[in-house]
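A.B. asks: One letter stands for each residue in the lines below.
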Amino acid sequence: MLSVLHCKTMQQLDAPFLIDFFHLAGLRLDEAREMLCVLDGAIGDGDHGSSMAGGFAAINDALRLSAQADPASVMRIAAQAFLAEVGATVGPLYATGLLEAGKRLQGKRLQLCELDLVLSGIADGIRRRGQADPGDKTMLDVWHSAALSAQRAGPDIAELAQAVDATARQAADSTRGMMAARGRAARLQERTIGHLDPGAASAAIVIGALCDAAKARVA
Amino acid sequence: MSGPGRRPMRDASQARPPIHFGDDPLLWASWLYYQEGMTQGAIADVMKASRPTVNAYLADARARGIVNIALSTDHMRSVSLARAFEEHFGLDSCLVVPTTGGARTLIERLGNAGAGLVPRLVHSGDTVAISWGRTMLALALATRMDDVSDVTVVQATGGTIARIDYAPEACASRLADNIGARFVPLSAPAILSSRAARDLMMGEAVIAQQLAHLDKLNCVFFGASSLRPSSTIHASGFFESVFQQHDFYDQAVGSLVGQFIDAQGNPVSGPLSDRFIGLSLDALRRIPTRVLIAGGVDKMQPILAALRGGFVSTLVIDSDTAEAILRVLDLRPVHELSSMKPDPNAVRPSTLIRDSIKKFINEPRNSVIEAMEGALAAFPDHLQAIDGATRALGARRSPVAGKVGIVIGGGAGHEPGFLGYVGAGLADAVAIGNVFASPPPDRVLSCTRFADQGNGVLYLYGNYTGDVMNFDMAAELAEAEGIRTRTVRTTDDIASSAFEDRDARRGTAGGIFTIKVAGAASAQMAPLDECERLARKANAACHTLGVALEPCALPETRRPSFVLDAQSVEFGVGIHGEPGVLRQDMAPADRIVDQVCDQLFAAMDLREGQRVAVLVNSLGGTPMLELLILNRRVRQRLAARGADVHLTLLGHYCTALDMVGASVTLMAVDEELAALLDAPCDGFAWQRAGLGTGS
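Protein chains in written order, with our numbering: chain A, 4 to 222; chain B, 12 to 706.
Hints should not be assumed to be uniformly reliable.
[Unchecked claim] With beta-carbon atoms standing in for the labels, derived distance ranges:
(1) B/G101 with A/K106: 48 to 58 Å
(2) A/P158 with B/Q220: 18 to 28 Å
(3) A/L30 with B/L593: 33 to 43 Å
(4) A/V221 with B/R297: 38 to 48 Å
[As the list claims (entries may be wrong)] Computed list of chain A residues with no C-beta within reach of chain B, every gap over 12 Å:
(5) G110
(6) L120
(7) S177
(8) A222
[Claimed, not checked] Quick partial rundown of chain A residues pointing at chain B, CB under 10 Å, derived from the structure:
(9) G44
(10) E88
(11) G157
(12) A161
(13) M182
By construction, these hints were calculated from the structure, which means they are not laboratory data.
Cβ atoms here follow ideal geometry from the backbone N, Cα and C, with glycine treated the same way.
Take the sequences, apply the hints, and build the full model.
C.D. replies: Following this line, the structure appears as structure tokens:
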């Protein structure tokens, strides 16, 4: 893990940053709603775009109503709002991931270049709840790769964001070559090969929003 | 010769063809040649024509399309796939074997195909290496060559301590034996305990001498291993500690010659890299002839990575895996040969394919809430909103004191599932999610509180990842409030049984019977244990198979959930618009029912004298008329098997929005289950006499 001293700028990983991130992710998921539903329809049941966009809209509604000063509370409220609205498969997964990330932010004053804490918290939470492994053609493939990429990145925030974003996109794309081992798609076995996993695609969108929010802070 | 518009006339001196050839000498000649297998000379005798005339008839028959010469589709597919690979990856050659067919396993067929290449690739005086694994052993065992001399076969990596018959030594020595070559082992482990140990080992004169052979290789045969838990690399114990080191190798998609590569074919280095003895990946790339023999869709990623990394000059692969790779690359097989078969576009009728479906909706994302408001208005005697929520609905008659609560639920889109099964003698409450999406835990918890009368609550829902997580979280929350819960997940859909066990199956229409049985038991004041037992028993007795004629469309997308052309039906569909497991040509209703019955009868081991409950369920878009036609044949088949029908339900019971299609559920019933199915009940979708409906 990176220490505070290594950060190149003194940007904080604070509540306003996370609120910006959720806002941006919400906008992009809403734009991608139909694309994600179509992706999901090919190998699943077609609800993924609605679930993700609806979930992030609920997060943003909840955050708008609360004036939270600390990042851990923002994550906790986001988790509760997402789960209460969505259910589905992504509800428990993202709620557990966001809660886990919130725990890791609890009581700390963090620098923006310690963004890997957020990514690895979400990745670990998703992995624990969903019991998937990397390579199973799920959203975890993207979260896991992005978290590792963030852990390995240097102290420059713009470079870190660039690297994490690129890794996430690549990881999402590489799910095309995988055979689904989890969720409803697993029943289709090799018929899933060649299809981009919708959970992986939306994970790359969320991570892209996180990276862009970080870049905006140092621009 | 004759022009396209003019048929050659039969010379008056020639024999007349038999009547069924319609006085057409071309057809007669073609029949004798292709069907009877006669020589042109013999045909000339029969037809009393000259040989050149017969020859001309045959050529003309082909030109006019009387004779179509077609390679068998399997073989043609293999050739066109192989050419696509050669072209795209710049391979010297590629050989594609059919994935299925014949008595031999895929590994044996790959090994055999590879063995067929050995005489072309290995020449006298060559030094050849071979890696290890099941496919390599199959190759070594199938290879036979006795016309080469001075060939040396070297083991490509050090050995392993695992007791496997496809170890590096075994593969190399077998190959050497079978081609009369000299065998050079590598008398060292493939992975040493440390870098220092490896350096020490490589310094030993014997080892150094053996390794020197790897520098002068003309040809190497190797396999690819995936990292999936069932792969050779785990089974063999080759790397005992790979999984403790997963994070070092998280970019790896597979391994070649015992070393990891990423999706682009770059070597992935990690703690094992400098402890390895054998042919390095760099050295592998420099060998003139590099033959990868691998197949099976689970190996698709490592094969693709090996191709991208330039590790392969000749590839032996199976057709399904080859097709999957082309799909990933979005390439099409070379179609030069396709002129020999009809163009599929040419025969396709010009039917309109709708890509936008009209629906009675307002704002799409409000569809579920609006529908539930409509349901509350329509069925006030059956349903009430719990705590004002429209997606947590309870039975109008508040639960009887002391009764075990039954809570059901799932995504919307299955109407009348599952709110139609809330009521006396059925479930006490239903939690409803978005379309095809599980309800969240707090909604399930509201239902749980509503249904709990102090003696526990039974959760009944279809076995889907999302529902399992949300209901399990609700169960934890309920337990924290002191409410006992039990869970029975319905698993009646048999479409997935070929590769999954019963517990992994999904729940479809058969869940209705399970809700009925559990609801009846709880209404008779059975305790929680007993309700759970009966629900499990009912679920185990239910078997369902669905068939779709058209996909469904979600309110949000208003697009077909998958594409099904005019001539196809999809077997094994669920209730979420997801594609099924098998696509087949459209057939008459009776033939489709026959296929469904064959599978259901086998899955439930249906015997003479067995009593069954039947549910012929519309998936949404199929009308009653067709359900009745389906039921007719179901009954004929049951009668022929000697099974007795105890009860038939027929209609819209558990749907997938507007999917055109139907499912058939058969439930094997004994006295106990029959009595519970017969018990009175009062949900708006299932009513049985014995209870009034008034409030």
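A.B. asks: Could you check the structure against the hints above and give me the numbers of any it violates, in ascending order?
C.D. replies: 2, 7, 11, 12
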